[in-house]
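Quick note, the sequences are listed as chains A and B, same order.
Note that the UniProt record's numbering gives residue 100 to position 100 of the first sequence, counting from 1, and the numbers run on in steps of one.
Note that the UniProt record's numbering gives residue 284 to position 284 of the second sequence, counting from 1, and the numbers run on in steps of one.
Be a bit skeptical, because a hint or two may be false.
As the list claims (entries may be wrong) - Incomplete in silico selection of chain A near chain B, CB under 7 Å:
1) Thr83
2) Asp93
3) Gly96
4) Val118
5) Leu123
6) Gly155
7) Gly158
8) Leu159
9) Leu160
10) Thr205
11) Asn213
Because the hints were derived from the structure by calculation, they are not lab data.
This structure is a prediction, so every number in the text was calculated from the model and none was measured.
C-beta atoms are modelled at their ideal positions from N, C-alpha and C, and glycine is treated no differently.
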Amino acid sequence: MSSTKERVGCVVLPGDVLTCGSELPEGKRDKLICGPGLRRDVDDVVVCKSGILRHKEPNLYWVDSQQTRYVPAKGEGVIGIVTAKSGDVFKVDIGGSELATLSYLAFEGATKRNRPNVQVGDLVYSQLIIANKDMEPELVCIDSCGRANGMGVFGAGGLLFKVSLGLVRKLLLPQSEVIQDLDSMFPFEMVVGMNGRIWVKSRSTQQTLIVANLLESCEHMTTAQRRDVLRRLSQNCL
Amino acid sequence: MKETPLSNCERLFLLQAIAEKKRVDGRQTFDYRNIKITFGTDYGCCIVELGKTKVLAQVSCELVAPKSNRPTEGVLFFNLELSPMASPSFEPGRHSELLVKLNRLLERCFRNSKCIDTESLCVVSGEKVWQIRVDLHLLNHDGNIMDAASIAAITALCHFRRPDVSVIGEEVTVYSVDERDPVPLCIHHMPICVSFSFFQQGTFLLVDPNEREEKVMDGLLVIAMNKHREICTIQSSGGIMLLKEQVLRCSQIAGVKVTEITELIQKALENDKKIRKEGGKFGFAESLPNQRITAFKIEGAPVNTSEVEETVEEITHNTVPPTEIVPSPILWASGTAQIGEGVLNTWEVEEPHESEEADDKSMEEEEEVSTTPRHERKETVILSDSEEEEVIILNPDKTEKKFQKQASNLHEDTASGSRKKKKKKPSQLVK
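For reference, chain A alone in the conformation it holds in the complex:
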């Protein structure tokens, strides 16, 4: 286990073996929970994505990888584009390999008579409740209590754009520095989906474009660089 702990924060590559607990007898081995990017192989844990190894107490490990292709995972909130209405369900593009289905009953207050007003091309923020390797993913716009809880159709007059999944995770950190820095410039609305899609809306087209471009470009910047860019921008444009 010590070998795994030592590598937290380091870059790992697919095929790296993280722990060799096999020399310890059964029952004495430490348990660990494999997050995304880790896979169990008999007695070892093998890395299957390249990225940075992360750890959360007590024993949760995962790999923070850099990719743009979204692989649906259960419970994640995503931004989808409604592509078709077919019978009882909407077909929603969430950036995965397959279109996801969204039942028209899975909206707050929707009944068989009272259908939600969803048009083709609309954006929906929804949660994945079924995401399996070989099955069509399924979305809902309500939580377990039947409340919308922030989900549903949105996006009148904003801009949707796509960034890498790594950046989205950085933005969704509880105390994300990027968001805090941006927040100090001017007010704007933002929806961030785990599938790498971000929707922003601000007072004017100009401001929306500024936010969108800043978010796109800040991925590979260090904190100092980002602050510098923001400072220059707020001097020039506002």
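Since the structure of chain A is provided, determine the placement of chain B on it from the hints.
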């Protein structure tokens, strides 16, 4: 895989932004995205990046029989491929409408404009001519494939060198690179495509549309031109009506853009030539951007351990191994043993020698953590001496695992080695 659909909000926003004379990536109406040209290690190989659109061009040559109706002309062949690597919506091996359109436009642009002297490619009239093949691969798709492909094709053709050939009587000799320097192709002019996209029935015009702008545009006009302002090809698609003035205006803009791009290509070619001559580093690997996903990583604070190591070494050097006799341990019960007398920690009291003081010091310096759990846990025996962390295990069945952990804590470099080592030197007991 299906193409990602464009949402209503994106469409509306883009059109609104265009109406406000703004573009999503912050460009002006007639601005090109950044063009970057990089050359591979071989001649005739280059990657052209137009913003995020990326096209790889590779020129190759082959001796073939000429066409019977043109016995003295070499053959030019262009092939553009759209692989799923560029965009998931491109399917492998399928000739989509877009691909056919782009390939035909490329051929018209290069072959029909006679930019390459095909007669100079003739080796033996009617028997052997050079076939020049230009393979273009789209590596990433972010709109305006045509312009990127045409820049890549002409740059690669300019960069290409074919083997030298000599004909003496009936005998044809092809010289390898070592024998004679390969010769460049004879290029008359450099046609470059410039794309214009039209929005709202031709009200708004943009140069070099990116992928999203291409999705909302109404019509497209491609003008291929060389720097002498000669139009090589012109094609309008999308079915919008253009006025004469609009086309003329576009051709004027194209003239300016083509001059700029031609200069850029020539500069890139010269640069590459210079680097090759000087024997510097060239190739794709040299020009890759260094983007790090670890930019946000918090660096661990560095701890200077060099001094500690020195002192430890000094101490261990001066240390004489303790020579007194350790009384044989008394085993009270399984897991509890006693050596010597008393139940108190006799660490300092029993050992007033210089050697043991040093021992103590080194222990403190290395890690305090290792000493604390000892008292708390009331371990039976854990023994350590100054030279290396040696572990004695008196009751191996129960406590082996714990000792292993402790040993690894004590000293990193000896941790792996000292796991199952037997005790070599007499050590101190702690209870």
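* Restraint check, 7 Å cut-off on beta carbons, for Asn213 (chain A) near chain B -> holds, 6 Å
* Does Leu159 (chain A) pass the interface check with chain B, least Cβ-Cβ distance below 7 Å? -> holds, 5 Å
* Given hint Gly155 (chain A) near chain B, where the shortest CB pair must fall under 7 Å -> The hint holds - Gly155 (chain A) has a Cβ within 7 Å of chain B, the shortest such distance being about 4 Å.
* Asked: Does Thr83 (chain A) pass the interface check with chain B, least Cβ-Cβ distance below 7 Å?
  -> holds, 5 Å
* Holds or violated: Asp93 (chain A) as interface residue toward chain B, Cβ cutoff 7 Å? -> holds, 6 Å
* To do: Answer holds if the nearest beta-carbon of chain B is closer than 7 Å to that of Gly96 (chain A); otherwise answer violated.
  => violated, 9 Å
* Would you settle whether the hint for Gly158 (chain A) is holds or violated, based on the nearest Cβ-Cβ distance to chain B being less than 7 Å? => Since the shortest Cβ distance to chain B is 6 Å, the answer is holds.
* Asked: Can the hint on Leu160 (chain A) be confirmed by a CB-to-CB distance to chain B that is less than 7 Å?
  -> holds, 5 Å
* To do: Grab the minimum C-beta distance from Val118 (chain A) to chain B and call the hint holds if it beats 7 Å, violated otherwise.
  => violated, 11 Å
* Can Thr205 (chain A) be said to touch chain B, with a Cβ gap under 7 Å? -> holds, 5 Å
* Using 7 Å as the Cβ threshold, decide whether Leu123 (chain A) counts as touching chain B. => Holds. Min distance 5 Å.
Of the numbered hints given earlier, the model fails hints 3 and 4; all others are met.
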